[in-house]
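Listed here are the chains, written in short residue letters.
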Amino acid sequence: MRHQREEDYLSGNLTAMIDVVFQLIIFFVCTVNMQDKAIDERIKLAMAPNGKVDNRKNPYEVKIDISDKGVISIARFPMNTKLLTTILNKARADAHGVEVPVLIRADGRVKHETVRRVMDACTDAKIWKIKFTALKEKA
Amino acid sequence: MGRKRRRSSFQAGELNLTAMIDVAFQLLSFFIITAHPVDVLTNLDVFRPMNDTKATSDNTKVIRVTVFPDGFTINERAVDSRQLNALLGKLADLDKTQTVVIQCLNESPHGKLIELLDVCSKLGLVNLSVISSGGA
Chain A
1 MRHQREEDYL SGNLTAMIDV VFQLIIFFVC TVNMQDKAID ERIKLAMAPN
51 GKVDNRKNPY EVKIDISDKG VISIARFPMN TKLLTTILNK ARADAHGVEV
101 PVLIRADGRV KHETVRRVMD ACTDAKIWKI KFTALKEKA
Chain B
1 MGRKRRRSSF QAGELNLTAM IDVAFQLLSF FIITAHPVDV LTNLDVFRPM
51 NDTKATSDNT KVIRVTVFPD GFTINERAVD SRQLNALLGK LADLDKTQTV
101 VIQCLNESPH GKLIELLDVC SKLGLVNLSV ISSGGA
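Heads up: the protein sequence lines correspond to chains A and B, in order. For the first sequence, position 13 (counting from the first letter as 1) is numbered 13 according to my numbering, and the numbering increases by one without interruption. For the second sequence, position 24 (counting from the first letter as 1) is numbered 24 according to my numbering, and the numbering increases by one without interruption.
In case anyone wonders, no lab produced these hints; they're calculated from the structure. Bear in mind that the values here come from a model prediction, so they are computed numbers and not experimental data. We treat Cβ as the ideally placed atom computed from N, Cα and C, and that holds for glycine. Just so you know, not all the hints are guaranteed correct.
Stated by the list, open to error - According to the in silico footprint, chain A covers these stretches of chain B (three or more CB under 8 Å from chain A):
#: 1; stretch: 35-43
#: 2; stretch: 93-106
#: 3; stretch: 117-124
Claimed, not checked - Pulled from the structure, derived: some chain B residues nowhere near chain A, Cβ distances all over 10 Å:
#: 4; residue: Lys61
#: 5; residue: Arg64
#: 6; residue: Gly71
#: 7; residue: Ile74
#: 8; residue: Leu84
#: 9; residue: Leu87
#: 10; residue: Lys90
This is chain A alone, in the form it adopts within the complex (with noise of 0.2 Å):
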């Protein structure tokens, strides 16, 4: 009886344990990038080796995109500057008084007239402060 114990304790089976910590492993390889996912890597970005780097995280943050071909977008849905505007003025009216951070990524190669409507729909939702994202350092 007593070894029959031992061979219970020494051969226990860990193969749902393990099947478990996998699918753990697999859940957080798929989720933990998913906002890097948001961001359109097709935009060149123009390089800036002066600027200062900011990882400071705000929740209130708006990125817009602006592809090379003037496409205006956030999170990869692109919108004509009245939604852009309506949305603006969301995040301005959620962020309860707080400044909304409004960080423009727009591709190096676009011609202005596109940055300035982005630029015009901030202004319509009362933001004055804009960021433009430009490449510090190519990796």
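Got chain A; can you put chain B on it based on the hints?
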């Protein structure tokens, strides 16, 4: 007989790790294939004046820079990228808090504006206002 039983119970304790190691290497391969170096990004702050005409008219401590598709002008004086750095540097030495009013033509590429903002950031000029002009 007793000895034989003990030996068999010892062998039953071995765990087959082949599947786990297989999956571990699969994960390792996945990370190696999908990992990519991350670019270092910077954010250049600008202000959008509430009223363009007011911003450009009354303040005497204003540097007016116009961005063209092929160059810049500082206070109506045409400069290239190298001269821009030198001339803005001289003006920045006088007062770093003075306002730089940037007028950008619609036809100019966004990269030109970033180039100017980068120079301003390098020189410590922080009060940057961007206004836009329709003509090319």
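Each hint, compared with the structure:
1. Judged by the Cβ-Cβ criterion of 8 Å, the stretch 35-43 of chain B is covered by chain A as claimed, because 8 of its residues qualify and three suffice.
2. Coverage of the stretch 93-106 of chain B by chain A holds. Counting CB-CB distances below 8 Å, 3 residues qualify, and the rule asks for three or more.
3. Counting residues of the stretch 117-124 of chain B whose CB lies closer than 8 Å to any CB of chain A gives 5, which reaches the minimum of 3, so the coverage claim holds.
4. Listed as a non-interface residue, lysine 61 of chain B keeps its Cβ farther than 10 Å from every Cβ of chain A; the least gap is roughly 20 Å.
5. Every CB of chain A lies more than 10 Å from the CB of arginine 64 of chain B, the least distance being 17 Å, so the non-interface label holds.
6. Every CB of chain A is more than 10 Å from the CB of glycine 71 of chain B (nearest about 14 Å), matching its label as outside the interface.
7. The Cβ of isoleucine 74 of chain B lies farther than 10 Å from every Cβ of chain A, with a closest approach of about 18 Å, so its non-interface assignment holds.
8. No Cβ of chain A comes within 10 Å of the Cβ of leucine 84 of chain B; the nearest lies about 13 Å off, and the non-interface call holds.
9. With a least CB separation of 17 Å from chain A, leucine 87 of chain B remains clear of the 10 Å interface cut-off, as annotated.
10. Non-interface call for lysine 90 of chain B relative to chain A: holds, since the shortest CB-CB distance, roughly 17 Å, exceeds 10 Å.
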